[in-house]
Structures are given as C-alpha cells and as structure tokens.
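Quick mapping for you: the protein sequence lines, in order, are chains A and B.
Reminder that position 23 of the first sequence reads as 23 in the numbering used here, one-by-one numbering, no gaps.
Reminder that position 208 of the second sequence reads as 208 in the numbering used here, one-by-one numbering, no gaps.
Among the clues, some could well be false.
Said to hold, decoys possible - List of simulated lysine-lysine pairs, BS3-like, C-alpha gap at most 25 angstroms:
1) A:K48 to A:K115
2) A:K38 to A:K72
3) B:K277 to A:K110
4) A:K110 to B:K275
5) A:K43 to A:K71
As the list claims (entries may be wrong) - Derived, one-sided and incomplete: chain B residues facing chain A with beta-carbon distance under 10 angstroms:
6) R193
7) A198
8) S201
9) C202
10) D230
None of these hints come from the bench; they were simulated from the model.
Even glycine gets a Cβ: it sits at the ideal position worked out from N, Cα and C.
Here is what each chain is made of, one letter per residue.
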Amino acid sequence: MRKTVKILLIDDDVDFVKATTKVLQSKPYEVIAAYDGKEGLEKARSEKPDLVLLDILMPKVDGFAVADQFKKDQALSKIPVLALTSFSDSYGQPFAFEVSDFIQKPVSPKDLLAKVGKHLERLD
Amino acid sequence: MTLVSVGSMVGPFTGGNEAEWARHLEKLLKGERDRLMGILDSLEEGIVIIGRDRVIRFMNPSMMREFGDGTGKCCHQHLRDLEEPCLDSCKLPDVLRGATERWEYRLPDGRAYEVIGSPFADADQTPCVLAAFRNVTQEKQIETELMELNQLKSDLLSEKTKELEQISKDVAKLKEEKRRIIRFLSAITHDLRAPLSATQSCLWAITDGYAGPVNDEQRDLLQRSTRRIDGLLTLIADLLDIPRMEAGQLVQEMKDLSFNEVVERSVDSVERLAKEKNLTLNVDLPEISPRMCGSSRRLQQVLTNLLSNAVNYTEEGAVSVRVVDAEHEIRIEVWDSGVGIPLEELPKVFQDFFRGSNAKSDGTGLGLSISRRIVEAHGGKIRAESPCPETGRGSKFTFTLPKKADTATAVGPRVASDTTRENQA
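With the rest of the complex left out, here is chain B (with noise of 0.2 angstroms):
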C-alpha cells in the first residue's frame, strides 16, 4: 500500500499554502489508517502483534472477539492461560530471528486455530512478531469425526473379516467332519453287509437246489433264515440313509426326469406280491408324464415303500396309486383297502423306528421316515389318513413334488422341526 494509491482516493494536491499542504496530508494520512484499519476491522483471521517482551501489542476485532482483548498483556497468559512461557513448543524466538512460522494451536475448550508467524517491525521499528490467527475448529472436528469414522470402518471390516475368516474355517472343518462320517459309515456298512451278503448268496444257492436236491421241511427252513437276512441288509441300508440325507447328498442325485416311469417301475416292484396275494392293482397316470428334477432313484424308493406297505398290510380288495399333476407341484396318492392305522398312531407314522401296533414282524421302522426325509429333500410334503377318505377304510398316503424343487431349504436339522408340526397339525 503507498501514499500515492491512498492520494489517488483523496484527490491530488492542487496547490495552495503550508496550513492547507499540512491538512492535506493530514487527510491523506487519516485516509490510510481508515483504511488499514477497516482492513484489519473486516479480516476474518485473527491478527495479534507480539513484541519480543512476549507483550501484545496489538489485536484486531477479529482476535478480541476470538481471545478477549489483552493488549498490553503476556501473550502466554493471555492466549494460553500460562504463568510461564511455553518455551518447549514455542515458535516466537524462531520468528524474531526472521523465520516465517506455521503451527497449529489447540485450546483445552477444543478449538483450534492455524497460526502463521511472520517477523514484524513495529511503529517504533522494535521487532515484534505478527501473528494470523484461522479459526479451524469446524474443519478439525470433521477431520477427527472422519478419521474416527474411518477407524471405526476399518475396525469393523477387519472384526467382519476375522468373523468370516472363522465360519469358512468352522465350514470346512464341518464338511471335513460330514465327509469323515459317512466314510466312517460307508466303511462300517460295507462290513456288515459284506459277510451277510455272502452268507445270503450261499442259502440262495442252496435253497434253489444248486447245490443238490432240498425237500420242502429244508426249502421252509432256509427261507426263514434268508428273510431274516434280508431283514437285516434292509436295516442296515435304512440306518445308512438317515446320515446320507442329513449330509444333503440327495441334492447330487437331481435331476430332470420324468415322473410317470418312476411310478411304473415301483408298481413292478409290488406287482408279484399283490398278485399273489390276490390284490387288485390300479394304477391311474397323467397322459403326459409330468416332468420334474428329483432323484429318481429315492422317488422310486419312497413310492415302492409305499406301495409295498399297501400291499403287505392288505389283505384283500385293492391298492391304487394315483398321480395328478397339477400347476406347480406333482401330487401322489397310495391308498389301500387293508387293516388302517390307528388314529393315535396317525402322527408317530413318519417318525424313526416308530412300529405300530398293526407292524408286522419284519420291518424296521424307518421304511416311512426315510420316506418323508426324501420327499422333504426335494422340498415336497407328505401326510398319512386312516381310514382313506374315499372309500372309509384301509389307509391313504399323499405327497406332494414341486416341479421345481427348492432343495436348499429342505435338506439338514431343519426337516425334523418342520415334520413335527406337520404330525401335529
């Protein structure tokens, strides 16, 4: 700022005697100090000269409205509520050596100021220390909440990340565990089938006479003792698949097939029986085959299970198999004209090794509860009435096949629960 460019607001000097050259500068003057002054009056930042007695000198608005005025006191009593000088953190010397300094200034209330340091001469031309004070407490404020913000973010993740690192660890370790078991079962199976196997091949040779001729007093005997082998090969099969299915690995046998030829091979399977046992057989299948995803395999067995309960708890008229197919699911229904079960007992039918009091000797219980694991593996329904509503007598069983099965809700802990209020209801 020079004198010229202040003449300039105040008009040039037009000439005329000392008194009016005196006033003239006089005004030229008062005109500069306004100006600096409003200058100072109008800055945001807080202005403070320090002489090198550590005394203040000088503030502007903006300061005393900031600190409170305290011309004329010690900088660090004033500004830092201190007895004595910080001179650990103290920038002044630095400044009156020539320095321009740049530090930031906390108060215990939590404001904070950045401060520029710059050398000064004063009026008198002793050397004094001109200091801008900014007000940035907001800034700082944000920059802390973001920076603990961010700190809470990376906290977060890297506890998320832990917590995910731990289930997949937990994950494997139980697939390992799942595949461990069913190893461990299919080893012990293969061992207590083999030697029954065996044993069932050679009364099988014997009783059909391949190895010489057999009278009937040694036939009835050697049939007693291969039913009771069958017995338990289908035991041990059954107490086999119960794991199987909780392991989910029905879900791998899936796929499209179409349902019709299900239904015809499990009717082959019981035709002989019902035969012999004068049953009649009605089978009643959609023209077109309904198609779904299933295993075909454990479809057949749950059918077949069915059906040959039908037929072995029937002792005359008829057993039916009806399939309908509606929109979204495939609906079976086996129903026979035999003993019934007991109303009581209507509930217990697809729990584990439950018997009836209409059981017969040979049978384990499970036939039924595998059944329902297999239908619910493929996320379908079963339900069981006696007497068959139809006709008032011998008992009904229906289940139901989502054409498209959502298998991954049907397979695990989660069936038992889900089957006992189905019992219930």
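So that you can see chain A by itself, here it is in the shape it has in the complex (with noise of 0.2 angstroms):
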C-alpha cells in the first residue's frame, strides 16, 4: 500500500485552493499548495507530488508554460497533471500541450474525487 498521497494544487485564485483543499483532504491525500506557475515548478521539485492538478490561467508563468516544464524535466515528466480549466481558456480550440487530462471549473466535490482517485490507481 502507498504512504499518505501527495497532491500539488497549483492554482492563483486563492479561494479556488482553500475549497479544493478542503474536499481533497477528506481522502488520505496531503495537498500542497502553490499560487503561480513559478512557485508551482519549485515545489514539484522539491515535495515531488504524486499528483498535480494545473490551473491554465495564471499570471506570470501560465499552466500551459508549467506543463511543457514537467515533460521537459525527467524527474517530472512521469507525474500526471491534470489541468483545471475554465470555460473560456481553450475558446473552442483544442488545447495544444500534453496534459492527462482535464478538469473544467467549476467541478464538483465528487468529479473532482473521481479524476483525481482514476489517475491516482493508475499510478499503483
């Protein structure tokens, strides 16, 4: 059996974090959470999640940015990354970077449980 799972939040709307947080901590999941895509990359790097969920919008280094990192570098490329979405971001057009799959916002406690708990067995 796996140890407590790790989950990276990387997200900037603070609120989006604290509610997610919540809902993923009622599993054995510990959620790191980072607020730019900046941040995001130092702490896949040092607390090397087991999870990441991406958000695609953020200022500074935006999530499309932060997944082309985590192919690019070896020791990250294996982990799965689910991008958060909105309804706006992709405007009818496919995304074009590689991501395992995607969440759209808002998502409900229990869809959000359901991906996260999908890739998470993938992984055993």
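The two chains are supplied separately, each in an independent frame; assemble them into the complex guided by the hints.
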C-alpha cells in the first residue's frame, strides 16, 4: 500500500485552492498549494508530488508553460498533470499541450475526487 | 527605266529613211510616256510634285482622288487649306536641300497620311520635291483604338487592383477586429466566471460536508445558492457562445465523427434527472452509427439542450430520441409527453432570450437559439412542433444535419435572416 498521497495544487485563486484543499483532504491526501506557475515548479521539484492539479490561466508563468516544463524535466515527466480549465480558456480550440486529463471548473467535489482517484489508481 | 526596255516593247528599228526614224522615235517615246503614266495612274499612293515656289506641278489620279486637282496651286493652300506656308513643320526646304524625309500628315477630318518626300529634278531641271502620300487613316484609327483599349484595360486593371487591395485591407481589419472582440470577451468571461467558480467550489465543499456537518435546513439554502450560481455561469457561457459562433469559430472544431456516440453521451447527461422524475427514456439509434463532419462537442450541446428541456418540461410519461440515417443527411427527433409549447410561441422559440409562458425560472432563453446556431453552422435545419404530431401531446424538436456539411454558407449574419424565414414558415 502507498503511504499518504501528495497532491500539488497550482492555482492563483486562493479561494478555489482553499475549497479544493478541503475536499481533497477528506481522502488520505496531503495537499500542497502553489499560487503561481513559478512557485508550482519549485514545489514540484522539492516535494515530488504524486499528482498535480494545474490551473491554466495564471499570471507570470501560466499553466501551458508549467506543463511544458513538466514534460521536459525527467524528474517530473512521469507525474500525472490534470489541467484545470475554465470555459473561456480553450475558446473552442483544442489545447496544444500535453496533460493527462482536463477538469473543467467549477467542478463538484464528487467529480473532482473521482478524476483524481482514477489517475492515482493508474499509478499503483 | 531605259529606252532599251521600251524599245523591246515597240520592237527593234529595222532600218529606213529619216522620217521613218522620227516616227519610230515618236512611237518609242509615246510608249515610254504611256507606260510611266500607267504606272502613276495605277499607283495606290498619291504622287505629287511641288516646286521650289511651293506650287503643285503634278498630281497623279490617286492624289487627285484624295485631295482634288490642285495643279498650279500653292501646296499649303491646297493640301492644308492654309493662307501662309507652315514654316515650322514644313519639310520641303530639307528635301530641296537633298534629304529624303518621312513625315506624317493629318487632316482635321481625321484622314492620315504617311509621306515620303524625295528631291527630284523636274523636266525643266528645276529642283522639286516628289512626295508620295500613303493613306493610313484606317491603320491609324485601329492603332488609336487599340491604344485607347489598352489604356482602358490598364485603367480598369489598376482600378480593380486598387479595389482588391482595399477589400483585402478591410477584410484584414475586420478579422483583427473580430479577434480583438473575442479576446476581449474571453477576458471578460474569465473575470466574470472565476469568482463565481471559486464561490461555487466553496459552497459545494460546505454542502457536501467537507467543512463539517451540515443540517438539512442549511443544505437546502446552500443548494439554492449553488443553483443560482450555476444559472449565472450558464448564462455567461451562453452569452459568449453567440459571438463565438458568429465569428465562425465552430468550423475550426469540425471533424469526422460517429453520430451515435454523440447521442449516447447526451443521453447519459440527462439519465439521472429522468430517473429522478420517473420518466422513461427511449433511445432509438441506427445499428450502424452514421458518420458526418461536425463538432461533436457542439452537437452534443444541442442534443443535451433538447433532451434536458424535454426532461425538465415533462412531469410524467416519456422522453424519446430517434436518429434516422437518411441518404444525405442525419435526422434527429426529440419528443416528450410534457406541457408542450403554445402555438403562438412556436415561431419564437429559437430567438435569442425568448422565454415561453411555460418556462421555468432557471434558464437563460439562449439554449435553443444557440442550438439553432450550431445546427445551422453545420448546414442543417431545426424546427419545433407542439403537440408532437405522432403522440398528440408534448412537443417535438427535429433537426437535420447534412453528412457533408456546407459550413461556408452557414455561419455569419446570414443565419439570422434564414431563420426568420424558417420561423415564419
């Protein structure tokens, strides 16, 4: 059995992070929050999370750039990245970057836990 | 021309007395003169001999035909109808000095001549000018017309080129404007939705008990809040969908798709609600899923919209969906046993913001108008009937999708007028 699962949540919306952390903590998940892309990458390298939830539209380094860095970095490339998208992000065009899955905001606690659970299962 | 050659024509002198010799010579000379006159007569060019005093000494018949007999008159008076010699342009002095000159000669009536003037010694040995006039009026006219035509052609060409340049500039400007609007709307939508979305996440976390126990009364109030926020999020999404679709963005999403899957996913999304309301959900799909070119996400949006409307407005009975695979098109029918739509409201149901008298409180009045835009962007048509002709109750929505979508004609402002006609029909 795995020990506590580490989830890195990268999102600039403090309120969303707070609510999502509450939901994720209902499971044996340790949630690490990062509030921009740069901080997210730093924490990904230092904390070595099992899974990353990544917001797309963020100031400074956005989700696209973070996802690119994950793909390039050997230590990070195996970590599943679930992109958190808003309705307006894609604007009908497919995302031109590689992530494991997409989660459209707002997401109900049930759907969020289901998606996260599904991707963690694959790791075992 | 020499006498010998004329002699050959007259025949050789075979001998005789002086009188006979004179007659022979006379005959020879007459032959010579006749031949020369014959040549001058039959020449198409006009020949004129002008003396140093500018008096016309000779004109051949062709010259007379062109200008009338002017023998003995001054050349400038006869040929140019001028009182004084035209000293500036007159070539006669040059020719009299021994040069052969060519010039063009135009008359006010449009006649044009090419003239070659050569020095010539007349019978009395006075230096004269021998000028040959060739009538080139027709050639010049054709030349002029050709030049005019060419000018017209290049004028037209440059005009059209300019127009084209302007049009492509306008198009580029419009495209840029469209992009700007979409970027702007996208930014606004994000800013409007982000706080709502965060609020929704917080409320959901509380409602579902992730922040501690919630009693029934609290849950009811929280659920009311989340429903309202949900409505607001949908409204913002719907509002943004319209300019997106009018910007023709949908075409970019179109690809080959299997239609049954689109229907199945839409049915999935309303299944839970139908079950909660104890409604039967009938799904009738062709055995082989029809394929078409389209946006699966958007077509799913249409079907989900029609199905959730049907479920929402039906309290008992069934909601049915049937897909018919016809030769060139796919026909999709969604019908229910619900409240239906009043006859006078039927033509308006696809208009923006239309809310029927039976409408429920949540809803933006944009769902069907967006569905209509999506169907039309695929080159299809949508219509509503109430009551459903087959069952005599509820309502029925039918839309068709060509298997090969003619998307080029389907997007943009034309859509609106087409629909008006459709609605009135």
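A quick look at each hint next to the structure:
1. A:K48 to A:K115: Holds, because 20 angstroms separates the two Cα atoms, which is no more than 25 angstroms.
2. A:K38 to A:K72: holds, 15 angstroms
3. B:K277 to A:K110: Holds, because 22 angstroms separates the two Cα atoms, which is no more than 25 angstroms.
4. A:K110 to B:K275: It holds: about 19 angstroms lies between the C-alpha atoms, which stays within 25 angstroms.
5. A:K43 to A:K71: holds, 16 angstroms
6. R193: holds, 6 angstroms
7. A198: Given a least distance of 4 angstroms, the restraint on A198 of chain B holds.
8. S201: holds, 4 angstroms
9. C202: Where the cut-off is 10 angstroms and the nearest Cβ of chain A is about 4 angstroms from C202 of chain B, the hint holds.
10. D230: holds, 8 angstroms
Checked against the numbered hints given earlier, this structure breaks none of them.
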